[in-house]
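Protein chains in written order, with the working numbering: chain A, 1 to 114; chain B, 115 to 227.
In short, the hints are calculated from the structure, not lab data. All of these numbers come straight from a predicted model, not from anything done at the bench. Among these hints, one or two may not hold up.
Restraint ranges, calculated between C-beta atoms of paired labels, are given here [claimed, not checked]:
id, chain 1, residue 1, chain 2, residue 2, range
1, A, Val51, B, Pro227, 44 to 54 angstroms
2, A, Val51, B, Asn173, 21 to 31 angstroms
3, A, Glu26, B, Arg156, 17 to 27 angstroms
4, A, Lys80, B, Gln136, 35 to 45 angstroms
5, A, His5, B, Gly174, 19 to 29 angstroms
Positions of the beta carbon are idealized from the N, C-alpha and C atoms, including for glycine.
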Amino acid sequence: SQTIHQWPATLVQPVGSPLSLECTVEGTSNPNLYWYRQAAGRGLQLLFYSVGIGQISSEVPQNLSASRPQDRQFILSSKKLLLSDSGFYLCAWLDPSYTRDTQYFGPGTRLTVL
Amino acid sequence: KNQVEQSPQSLIILEGKNCTLQCNYTVSPFSNLRWYKQDTGRGPVSLTIMTFSENTKSNGRYTATLDADTKQSSLHITASQLSDSASYICVVSRRNAGNMLTFGGGTRLMVKP
Chain A
1 SQTIHQWPAT
11 LVQPVGSPLS
21 LECTVEGTSN
31 PNLYWYRQAA
41 GRGLQLLFYS
51 VGIGQISSEV
61 PQNLSASRPQ
71 DRQFILSSKK
81 LLLSDSGFYL
91 CAWLDPSYTR
101 DTQYFGPGTR
111 LTVL
Chain B
115 KNQVEQSPQS
125 LIILEGKNCT
135 LQCNYTVSPF
145 SNLRWYKQDT
155 GRGPVSLTIM
165 TFSENTKSNG
175 RYTATLDADT
185 KQSSLHITAS
195 QLSDSASYIC
205 VVSRRNAGNM
215 LTFGGGTRLM
225 VKP
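Start from the sequences, fold in the hints, and give me the full structure.
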């Protein structure tokens, strides 16, 4: 069966510090991978998606970046965090060969920027 | 513009009661519609998925309906339980859009004893 992991689960960082959030998927190959952010009490906002190693598409301009160094690893980074980067970050995967194309979400990382 | 609107934003019901959550969308061309349940501090979990030709889908006490003509969907929860307290998110997928999803803002449901 497939599983998706995210770490860390929670993170408190000062403004201006760097960020690295990691997401890994097990039990599937060539998944589409997604990074979402959810502000408190708000809906999910797609940040990045990737259809393959080294292929990253950005949905919104921001000071965040994403990388996919391996097939089942997706990393969200920032060189300098802003207060507005606080939120709940969710990674998701999807099997593009399956027509029902359901996205499966990880447990999330709660980031607080002080 | 592709949008998904949900109502109500929040809802409080007593344990054992039924409730219905609404979702209206303008996403086009339509591929499928999902309802997700998101417990506080957790990732969303898929409850149901419906394509254009399906107008009802059940998952235990959850029943989703879809009217593709009016672009409306509802999620009916029967005999609510305390564990149903969560946010329910309506998500619409666009055909030929690389599996991109448009998320509604969610309905926050609280079930009280």
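Hint check results:
Checked against the given bound of 44 to 54 angstroms, the beta carbons of Val51 (chain A) and Pro227 (chain B), roughly 46 angstroms apart, stay inside it. The hinted range of 21 to 31 angstroms is satisfied by Val51 (chain A) and Asn173 (chain B), whose Cβ atoms lie roughly 29 angstroms apart. One distance hint, 17 to 27 angstroms for the beta-carbon pair Glu26 (chain A) and Arg156 (chain B), holds here, with the actual separation near 19 angstroms. A hinted range of 35 to 45 angstroms holds for the C-beta pair Lys80 (chain A) and Gln136 (chain B), which are about 41 angstroms apart.
Checked against the hint of 19 to 29 angstroms, the C-beta distance between His5 (chain A) and Gly174 (chain B) comes to roughly 27 angstroms, which is consistent with it.
When held up to the earlier numbered hints, the structure conflicts with none and fits them all.
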